[in-house]
Amino acid sequence: MSTLTSPGGPVRRLAGLLHRRPYLRLAGLLSAPLLWLVVAYLGSLGALFLAAFWTTDVFTGNVVKQFGLANFQELWNQSVYRTVTLRSVGVAVAVTVADSLVAFPMAFYMAKMASPRAQRWLVIAVLTPLWASYLVKAYAWRIMFSGSGVLNWLLDPFGLHGPGYGLPATIVTLAYLWLPYMILPIYAGLERLPNSLLDAAGDLGARSFRTFRTIIWPVAFPAVVAGSVFTFSLSLGDYISVKIVGGRSQLIGNVVYDNVGAANNLPFAAAVATVPVAIMVIYLVAVRRTGALENL
Amino acid sequence: MNTEETGMSSAVSLRGVRKTFGDVTAVNVVDLEVHDGEFFAMLGPSGSGKTTVLRMIAGFETPTAGHVRLSGRDVTKLPPFERDVNTVFQDYALFPHMNVLANVEYGLKVKKVGRDERHERALQALSTVRLQGFEKRKPGQLSGGQRQRVALARALVNRPKVLLLDEPLGALDLKLREEMQVELKAIQRQIGITFLFVTHDQEEALTMSDRIAVFNAGRIEQVGTPAEVYENPASAFVAGFVGTSNLIEGRTALSVLGRDGVYSVRPEKLRVDIDLDAELPEGEHSAIGTVAEVVYAGAATRFVVDLDAGGRLVAMQQNLKASSMDVLKLRDARVRLAWRREHEFSITGPM
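Protein chains in written order, with my numbering: chain G, 1 to 296; chain C, 1001 to 1351.
It is possible that some hints are incorrect.
[Said to hold, decoys possible] Here are the simulated DSSO-like pairs of lysine-lysine, each with C-alpha atoms no more than 30 Å apart in a straight line:
1. C:1175 - C:1269
2. C:1109 - C:1138
3. C:1185 - C:1136
4. C:1269 - G:112
5. C:1109 - C:1185
6. C:1161 - C:1138
7. C:1077 - C:1112
8. C:1138 - G:112
9. C:1175 - C:1138
10. C:1077 - C:1161
11. C:1161 - C:1136
12. C:1112 - G:112
13. C:1111 - G:112
14. G:112 - C:1185
15. C:1136 - C:1109
[Said to hold, decoys possible] Facing chain G, a subset of chain C residues (Cβ under 10 Å, in silico):
16. 1055
17. 1058
18. 1059
19. 1062
20. 1079
21. 1081
22. 1085
23. 1092
24. 1096
25. 1101
26. 1108
27. 1109
28. 1114
29. 1115
30. 1151
31. 1263
Bear in mind the hints are in silico, worked out from the structure with no lab data behind them. For each residue, glycine too, the CB sits at the ideal point set by N, CA and C.
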């Protein structure tokens, strides 16, 4: 106590120093997160990008640290990689569209129609699946999509069959996994939309659909874009769901995984891994151009 | 029911309108006639049901019981987009992603008015509210007063039979509010449509309206011109809500006025006599008491006087000659309050 309050106490001196030098205070506050961001995140990204230009010695399997474009030439020239890339983007787009179609009505109900009490419960209900392990959820879908699974059992009376394992099953599984990441931003966006705007549109003669098209959708669009950044990027990088429910389908993530493991070609894996990064950068620039990010 | 009688001259007519939300009764049987071309105020404290009544006229709420008629047509069950009224919302409810012009044109676009006419009418509406040159701005780039004008233009451009205004000046500062009061009144006179106006500000209601309905606890306590409501309140609630009530009741009434009951005198009708023995003019009542508080307010001074006969009255005196130094000396002084008998009115309603 006396060291704390005496003028010369070390704690007090430090507090005084921090008070007089705001830069020191800022440094103390930000050095840990900045270290994390620069070293662990940007550093590893830089290492990945650098490694993409190296090659592997065919005989020894050792990494040859020599700059070259061989990996990217192979990526570009082999049509199989283009197919896999397009397929991955297609899956990510399909997941994003499916999620926004499911999430929008749910978020609208949560934000504009449910009672405040129901609203809290619904937010919790949307969040609870995030507590369960990714693998548990993916395997749950695997069981549902299996030949004797729930899906076939439900469709059988109508003379129909489920899609089985493959890309459709992958899209459904990923859409399920990332749905909360779409619902929550849209919910937050619609919550900020004042009810009086909806009243005003009706007051000026607009029916429900027109109100949706001209008021609700444009105002909530940035929130949908924010959700899509999550669903799109998470889907683009995923390689586990497709292993579990995708049958023999391959996505970019699988190519990276196989080159790290079975093929033992780390530089090529790094080159493949830059593809989704590049696609995400293009996606974010495109999103920025719509002005959606400024409204977040 | 005779629709001819209720229809022709009344822009808005409510009959036996009730509204409950679960266990809460927001509006408890309201009957109301608003005439064509009238500037009509619904005045009351928050929670008195006035906004709910407005929302039922606009169509945002459906009455639990009763009928809403607009120009004689029963619209009780019609949605807002099929009613010939427009609303200026308390928070203005401007569409944030549209510029001012698109906001004002919205209603016309919905009604499929051609592009040229739409444009012309929108510009005209914006000039009515003195906002020329702001067409390309987004609502976020406007001040509170300007937003309020856009909301007004957006409603007026549709030429509704009735314009509903929900506390439209509530969010403005005092100076701007006084300006807009004058301007709203001028616009209403210029275009001649019915304005139905919700406010909790008694001064605003008194200065702007042709007639006022005073709301309390889901009911209308009194409907009348500003002068009627102020000079002749129908209940203790109206007396208290519209101005300062100054009640004289029970034993005090017996000893001062010589009769039992509840009476009220407006503060500005009371004269503060310092000479207690001065001769009382013909037709006046008086009461002697001690000044408990003196509040100097620039143009006038408020005296709070505890009467010897019991009770407390507030007297408002214009500072014709007095300065703050003079009047503040009167604290704790013995004074006589005097007023003309016709200015005391009997109050019958419940407290």
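Hint check:
1. C:1175 - C:1269: holds (28 Å)
2. C:1109 - C:1138: It holds: about 18 Å lies between the C-alpha atoms, which stays within 30 Å.
3. C:1185 - C:1136: holds (27 Å)
4. C:1269 - G:112: violated (52 Å)
5. C:1109 - C:1185: Roughly 28 Å separates the two Cα atoms, so the pair holds.
6. C:1161 - C:1138: holds (28 Å)
7. C:1077 - C:1112: holds (24 Å)
8. C:1138 - G:112: Since the Cα atoms of residue 1138 (chain C) and residue 112 (chain G) sit roughly 25 Å apart, the hinted pair holds (cutoff 30 Å).
9. C:1175 - C:1138: holds (24 Å)
10. C:1077 - C:1161: Within the cut-off at roughly 18 Å; holds.
11. C:1161 - C:1136: holds (28 Å)
12. C:1112 - G:112: holds (29 Å)
13. C:1111 - G:112: holds (26 Å)
14. G:112 - C:1185: Cα-Cα ~36 Å, so violated.
15. C:1136 - C:1109: holds (17 Å)
16. 1055: holds (8 Å)
17. 1058: holds (6 Å)
18. 1059: Holds - the Cβ of residue 1059 (chain C) comes within 10 Å of chain G, reaching about 7 Å at its closest.
19. 1062: violated (13 Å)
20. 1079: holds (7 Å)
21. 1081: holds (5 Å)
22. 1085: holds (8 Å)
23. 1092: holds (8 Å)
24. 1096: holds (7 Å)
25. 1101: Violated: closest Cβ of chain G sits about 14 Å from residue 1101 (chain C), beyond 10 Å.
26. 1108: holds (9 Å)
27. 1109: holds (9 Å)
28. 1114: violated (16 Å)
29. 1115: With a closest approach of 16 Å, the residue 1115 (chain C) hint is violated.
30. 1151: Result: holds, 8 Å to nearest chain G Cβ.
31. 1263: Violated, because the Cβ-Cβ distance from residue 1263 (chain C) to chain G comes to roughly 44 Å (cut-off 10 Å).
Going through the hint list in order, the structure does not satisfy hints 4, 14, 19, 25, 28, 29 and 31.
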